[in-house]
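**Student:** The lines below spell out each chain.
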Amino acid sequence: MDYSLANGKSGGEKMGEKKIEIKVDKLTKIFGRSPKDAVGLLEQGKTKDQILEETGMTVGVNQASFEVENGEVFVIMGLSGSGKSTLVRLLNRLIEPTSGEIWLGDKNVTAMNKEELRELRRKNMSMVFQQFALLPHKTILENAEYGLEIQKVDKNEREQKAKDALELVGLGGYLDKYPTELSGGMQQRVGLARALANDPTILLMDEAFSALDPLIRKDMQDELLDLQQSVHKTIVFITHDLDEALRIGDRIALMKDGVIVQIGTAEEILMDPANDYVERFVEDVDLSKVLTAGHVMKRAETVGVDRGPRVALQFMKDQGISTVYVIDKKRKLLGYITADQASEAVKEKKSIEDVLTRNIPSVSPDTLLIDLFEPMATAYAPLAVVDEEGRLKGIVVRGAVMGALAGNEENMSGNGVSS
Amino acid sequence: MDERFLPRLPLKSWVNEFVDFLKEYLQGFFGIVATVIETVTDWFVFVLQLGHPFVLIIVISLIAWWTAKWKVALFSFLGLWLINNLGYWEELTQTLSLILISVIISIIIGIPIGIWMSQKDAVRSVVTPILDFMQTMPAFVYLIPAVVFFGLGMVPGVIATVIFAMPPTVRLTDLGIRQVPAELIEAANAFGSTTGQRLTKVQIPLATPTIMAGINQSIMLSLSMVVIASLVGAPGLGTIVYRAVTQIKIGLGFEGGLSLVIIAMILDRISQGIKK
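Taken in order, these protein sequences are the chains called A and B.
Take the first sequence: its letters are residues 1 to 419, numbered as in my numbering.
Take the second sequence: its letters are residues 1001 to 1276, numbered as in my numbering.
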């Protein structure tokens, strides 16, 4: 399953209707003795290196501005030292911003006092950490309860909420174990459950899967996306891994030297890099792991199963093709019929249903190109692309796959999954 | 060489004046401290001498069994039986009382100071040199003002023991709390903990093994003060050793010393056992 481009697209289309959850305006962090002075230099357009040279101060985040929509997975991606981890900590003020503003709806996070900030961290924003940061002296259940415990939630209630959260991440059977008894992947599920138990509106995930080995990481990404279907949190996800960003991000912000260089959907970033830096970043992306059947599929020529074989034959003649897909009234794919089969049916006075080839290979629109190679190699006809209800959405021909992998946009259907 | 740029600083008389000042204005306070320590120590001695020596021997052996291993319990039994057999039971109870009260005071004062130090670097930079002073200033030096303030007997012995034995508890409390991984502190903050919640739910529980190591060190150091405490009249096994030294009685000295070693080993194993 791949959500990246599909989700990015649908997110983009609905952008106008969605509520803005987090609005960040010119957020800046400078580490050093008199950081306020350096803000002016940044506004004059000086770079991180110039400021380091002139003042000895380090720019962590340079005037970052972005908006995160409600229910969106917003990925901030950059290499180490790009300021992405600083940026996420500015959002809940684990690191105090030097200048700029953070708005949560009509609440100004940058202007909050200690108590308001504590309340924000307890109720609105929960964080998941790269090294899990579980408390080794507490059981899994107690760890998941932590956020509620410090809010002085009644013991029974918080236990129930923590259990529900652990159940949600698939750890219902490990309540009394200690963190060290669990694998890395499981520990991070506890980290996620701890964050979810508070039922925050926003999840901040700081390289949450980076410490896990690649296979587990992929599982966790899928699970996060599955989970997101049911919990609908606004997620700010930090990563240095472009593949991860492309897989899970509805939108991606690319950072370099504390500056956000581009914000866009995965597709926008891949196909239209804002500058050389982004281009260099994305040139090594294996497109076969990013693009899906939905992106390269063509319109399929179809004929209703209730039509006679003569109609099918005539249609094929008109279109100059030798095969046509057979669908029922609900556009559900039944199989295909060749010109030979159609004329045989005409001769023997059979219906299309009697002669069509059934059980033809089909894939879902979300199938990655890399997973299409094998079925394509063994199939006689183009692969049919069907949705969950079995309705025919299109077909994939070999040429289009090759073209898309070569970066040729003409071979992209351009509209991804029709949703 | 006699030429001085500055006249000799009258440090000596400053200290004398300071001690006189304390004696004059804090007499009442010292009186209360002395009474409290005296009462508690007397009560400890009374309780420890309550039953037949073998009652206490068995109780301590059982505690050793419970906190450590059966080998430690057996050693405790045989060791304490030996001390009783040598006829030093009364001295043993007095020494145990001295150590108990000193360690309790060290914990009551030391752990809060250690926690405070761990939270504020400014406090740490003030407290650290004081701790250095307490540990390295020869015990005899502060034994003199202790006698001036508290007279002879158990109380100045306890005070001197606390001064020498408390620093490890303070230092290791501070260290233990500072050693809690930064990411756990960050997580505690990210979920909206107050400073108190972060301390009681994250930092102190994780620092406990280190704090216990500090307490164990305080126990060991207070045992090493037993002989010095006896110089100002604190009764106990130290008195036996002190008498043996002044009268050059080699055998007596060995018996007193061996008794102290036995108690030290028992208390060490028990306090390490509690840690686990």
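Worth flagging that the hints you see were computed from the coordinates, not collected in a lab.
For each residue, glycine too, the CB sits at the ideal point set by N, CA and C.
One or more of the hints may lead you astray.
Facing chain B, a subset of chain A residues (Cβ under 10 Å, in silico) [what the hints assert, rightly or not]: (1) L94; (2) M125; (3) Q151; (4) V153.
No more than 20 Å apart at the CA atoms, straight line, and that leaves these computed lysine to aspartate or glutamate pairs for EDC-like [stated by the list, open to error]: (5) A:K123 with B:E1017; (6) A:K138 with B:E1090; (7) A:K26 with A:E69.
Negatives, chain A to chain B, calculated, CB over 12 Å [said to hold, decoys possible]: (8) L117; (9) E119; (10) L135; (11) H137; (12) E149; (13) G184; (14) G185; (15) N198; (16) L204; (17) E301; (18) K329; (19) K330; (20) S351; (21) T357; (22) R391.
**Student:** None of the hints should be skipped; say for each whether it holds.
**Tutor:** Status of the hints after comparison with the structure:
1. With a least beta-carbon distance of about 6 Å to chain B, the hint placing L94 (chain A) at the interface is held under the 10 Å criterion.
2. A cut of 10 Å between beta carbons decides the hint on M125 (chain A): the least distance to chain B is about 8 Å, and the hint holds.
3. At a threshold of 10 Å, the smallest CB-CB gap from Q151 (chain A) to chain B is about 7 Å, leaving the interface hint in force.
4. A distance limit of 10 Å between C-beta atoms decides the matter here; for V153 (chain A) the minimum to chain B is near 12 Å, and the interface restraint is violated.
5. This hinted pair does not check out: K123 (chain A) and E1017 (chain B) have alpha carbons roughly 60 Å apart, beyond 20 Å.
6. Proposed proximity of K138 (chain A) and E1090 (chain B) is contradicted: the alpha carbons are some 45 Å apart, above 20 Å.
7. With a CA separation close to 18 Å, the supplied pair K26 (chain A) and E69 (chain A) stays within the 20 Å bound.
8. Its beta-carbon lying about 8 Å from the closest one in chain B, L117 (chain A) breaks the requirement of being farther than 12 Å from that chain.
9. A cut-off of 12 Å between C-beta atoms contradicts the statement that E119 (chain A) is not in contact with chain B; the least separation is 7 Å.
10. A beta-carbon of chain B is positioned within 12 Å of the beta-carbon of L135 (chain A); the least distance is around 6 Å.
11. A cut-off of 12 Å between C-beta atoms contradicts the statement that H137 (chain A) is not in contact with chain B; the least separation is 5 Å.
12. For E149 (chain A), the shortest C-beta to C-beta distance to chain B comes to about 7 Å, within the 12 Å cut-off, and the non-interface label is violated.
13. Every CB of chain B lies more than 12 Å from the CB of G184 (chain A), the least distance being 14 Å, so the non-interface label holds.
14. Every C-beta of chain B lies more than 12 Å from that of G185 (chain A), the closest at about 18 Å, which supports listing it as non-interface.
15. With a least beta-carbon separation of about 7 Å from chain B, N198 (chain A) fails to lie farther than 12 Å from that chain, contradicting its non-interface assignment.
16. Not every CB of chain B is more than 12 Å from the CB of L204 (chain A) (nearest about 8 Å), against its label as outside the interface.
17. Separation of E301 (chain A) from chain B is adequate, the least Cβ-Cβ distance of about 56 Å exceeding the 12 Å criterion.
18. At roughly 55 Å, the least C-beta separation between K329 (chain A) and chain B is larger than 12 Å, which holds for a residue marked as non-interface.
19. No Cβ of chain B comes within 12 Å of the Cβ of K330 (chain A); the nearest lies about 50 Å off, and the non-interface call holds.
20. Its beta-carbon lying about 66 Å from the closest one in chain B, S351 (chain A) satisfies the requirement of being farther than 12 Å from that chain.
21. Even its closest Cβ contact with chain B, about 59 Å, leaves T357 (chain A) beyond 12 Å, as expected for a residue assigned away from the interface.
22. Non-interface status of R391 (chain A) relative to chain B is upheld: no Cβ of that chain comes within 12 Å, the nearest being about 45 Å off.
Violated hints, listed in ascending order, are 4, 5, 6, 8, 9, 10, 11, 12, 15, 16; each of the other numbered hints is respected by the structure.
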